[in-house]
Amino acid sequence: MANHREQETDLTQAEATDRIWELAKEIDICMFVTWDGEYNRARPLSARVYREENAIYFLVNEDSAKNKQLSEYPKVTLAWSDSSHYKYVTISGAAAVSNDRAKIAQLWEKTDSAWWDNAEDPEIRLITVTPDEGELWDSPGLVVATAKMVFAAVTGAKPSVGENAKVDL
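Here the numbering used here is used: the first residue of the sequence shown is 1, the next is one more, and so on.
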């Protein structure tokens, strides 16, 4: 059995932190993972990433099952995937549900009208995630990664197909 380990990185903690926030904002849709006491539950949500506030926001329905899960188990994991470019990010942290109408109005985007009539819809709730840690897997892309894997297979060397870093946020 091959000895597997995570990729090492030449990124500094600050560079890795910057890249995690950048990719989370760039990719947008993430899998929002909660715990219901028995299973992890994941669903895709549009993330409003605000590094300057150390927060990631989500607009959700008031009667959502995830809101009840968060009241009992506030720790969540957010997972972004840009598989066409081999870029992946996870952020974990504490989540809280609120009815902050001013923040909901501030975060409102035109695409939200697919779910609600307007920002004043009383069914909208705000989930705020305060990150604790993040991890990234950032590849130079499919062509370069494939070339490096082929070269490694031919030479017997271990491929280095990108950066992997885990940081406290």
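Calculated directly from the structure, the hints in this document are not laboratory data. All C-beta atoms, glycine included, are put in the ideal place defined by N, C-alpha and C. One should not assume that every hint holds.
Unchecked claim - Each pair of labels, with its calculated beta carbon distance range: (1) Trp-115 with Pro-74: 34 to 40 angstroms; (2) Ala-102 with Lys-25: 19 to 25 angstroms; (3) His-85 with Glu-52: 24 to 30 angstroms; (4) Pro-122 with Ser-83: 17 to 23 angstroms.
To be verified - In silico DSSO-like links for lysine-lysine, alpha-carbon gap of 30 angstroms or less: (5) Lys-166 with Lys-75; (6) Lys-103 with Lys-25; (7) Lys-68 with Lys-103; (8) Lys-166 with Lys-25; (9) Lys-68 with Lys-110; (10) Lys-103 with Lys-75; (11) Lys-25 with Lys-68; (12) Lys-25 with Lys-75; (13) Lys-110 with Lys-166.
These are the hints, each one checked on the structure:
At roughly 23 angstroms, the beta-carbon separation of Trp-115 and Pro-74 lies outside the given 34 to 40 angstroms, and the hint is violated. In this structure the supplied range 19 to 25 angstroms holds for Ala-102 paired with Lys-25, their Cβ-Cβ distance being about 22 angstroms. The hinted window of 24 to 30 angstroms between His-85 and Glu-52 holds, with their beta carbons roughly 26 angstroms apart. With their beta carbons about 37 angstroms apart, Pro-122 and Ser-83 fall outside the hinted range of 17 to 23 angstroms.
With a CA separation close to 18 angstroms, the supplied pair Lys-166 and Lys-75 stays within the 30 angstroms bound. Using a Cα cut-off of 30 angstroms, the hinted pair Lys-103 and Lys-25 holds, with the two alpha carbons roughly 18 angstroms apart. About 21 angstroms separates the Cα atoms of Lys-68 and Lys-103, which keeps this hinted pair within 30 angstroms; it holds. The hinted pair formed by Lys-166 and Lys-25 meets the criterion: a straight-line CA distance of about 17 angstroms does not exceed 30 angstroms.
For the hint pairing Lys-68 with Lys-110, the CA-to-CA distance comes to about 27 angstroms; that is within 30 angstroms, so the pair holds. A C-alpha spacing of about 22 angstroms is found between Lys-103 and Lys-75, which places the hinted pair at or below 30 angstroms, so the restraint holds. For the proposed pair Lys-25 and Lys-68, the alpha carbon gap of about 26 angstroms is at most 30 angstroms, so the pair holds. Proximity of Lys-25 to Lys-75 is assessed by CA-CA distance (about 20 angstroms); at most 30 angstroms being required, the pair is judged to hold.
Taking the CA atoms of Lys-110 and Lys-166, the gap is near 34 angstroms; set against the 30 angstroms cutoff, the hint is violated.
Violated hints for the displayed structure, listed by number in ascending order: 1, 4, 13.
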